Amino acid sequence: MIKFIFVFIILLAVVLVAVTVGANNDQVISFNYIVAQSELQLSTLVAILFGLGLILGWLISAFFYLKLKLKNISLNRQIKRQGKLISELNTDIAKAKQE
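Per full-length UniProt numbering, the sequence shown runs over residues 1 to 99.
Heads up, some of the hints might be wrong.
[As the list claims (entries may be wrong)] Restraint-style ranges between C-beta atoms, simulated for each label pair:
#1 Gln41 <-> Tyr65: 34 to 42 Å
#2 Val19 <-> Gln82: 53 to 61 Å
#3 Phe6 <-> Lys69: 17 to 25 Å
#4 Ile60 <-> Val28: 27 to 35 Å
#5 Phe4 <-> Lys71: 22 to 30 Å
#6 Val15 <-> Leu59: 15 to 23 Å
#7 Gln82 <-> Ala36: 38 to 46 Å
#8 Arg77 <-> Thr20: 43 to 51 Å
#9 Asn90 <-> Val14: 49 to 57 Å
#10 Ser87 <-> Gly57: 28 to 36 Å
#11 Val15 <-> Gly83: 43 to 51 Å
Keep in mind that the hints were calculated from the coordinates and are not lab data. Bear in mind that the values here come from a model prediction, so they are computed numbers and not experimental data. For every residue, glycine included, the Cβ atom is placed at its ideal position computed from N, Cα and C.
Let the hints inform the model, and build the full structure from the sequences given.
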């Protein structure tokens with residue numbers, strides 16, 4: 001439930017930023033990039049760059065989240081293996097004490 005509220009707040013913030021930027025910036029500017037040049041409204045350019053930044057941030061965050069998730073899985077497997085080894089050693093010690 002918290003996740004849905006968090007996503008809703010983020011989407012609401014993005015929409016508010018887009019509306020605010022789009023309402024005040026109607027100038028046409030020349031945007032030069034490596035292979036070409038475009039005539040865009042300033043509001044469109046800001047919205048595109050904002051969206052690209054948002055997507056890039058999510059991708060970077062997803063990469064690090066996935067990296068941590070895989071490390072967590074690896075460490076849990078290691079804990080299980082060590083737990084089995086400890087229980088085997090405890091049974092061996094108990095058998096040795098009985099003899």
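Here is how each hint holds up against the structure:
Roughly 35 Å separates the CB atoms of Gln41 and Tyr65, a value that falls within the hinted 34 to 42 Å. For the hinted restraint 53 to 61 Å between Val19 and Gln82, the CB-CB distance of approximately 55 Å keeps it satisfied. For Phe6 and Lys69, the Cβ-Cβ distance of about 19 Å falls inside the hinted range of 17 to 25 Å, so the restraint holds. Under the hint 27 to 35 Å, the C-beta atoms of Ile60 and Val28, about 32 Å apart, fit the expected range.
Separated by about 27 Å at the C-beta atoms, Phe4 and Lys71 satisfy the suggested range of 22 to 30 Å. Taking 15 to 23 Å as the suggested C-beta distance range, the pair Val15 and Leu59 conforms, at roughly 21 Å. Evaluation of the 38 to 46 Å hint for Gln82 and Ala36 yields a failure: the beta carbon distance comes to about 59 Å. Under the hint 43 to 51 Å, the C-beta atoms of Arg77 and Thr20, about 49 Å apart, fit the expected range.
For the pair Asn90 and Val14, the beta carbons lie near 56 Å from each other, so the given range of 49 to 57 Å is met. For the pair Ser87 and Gly57, the supplied restraint of 28 to 36 Å is violated, since their beta-carbon distance comes to about 45 Å. The supplied range of 43 to 51 Å is met by Val15 and Gly83, whose beta-carbon atoms lie about 50 Å from each other.
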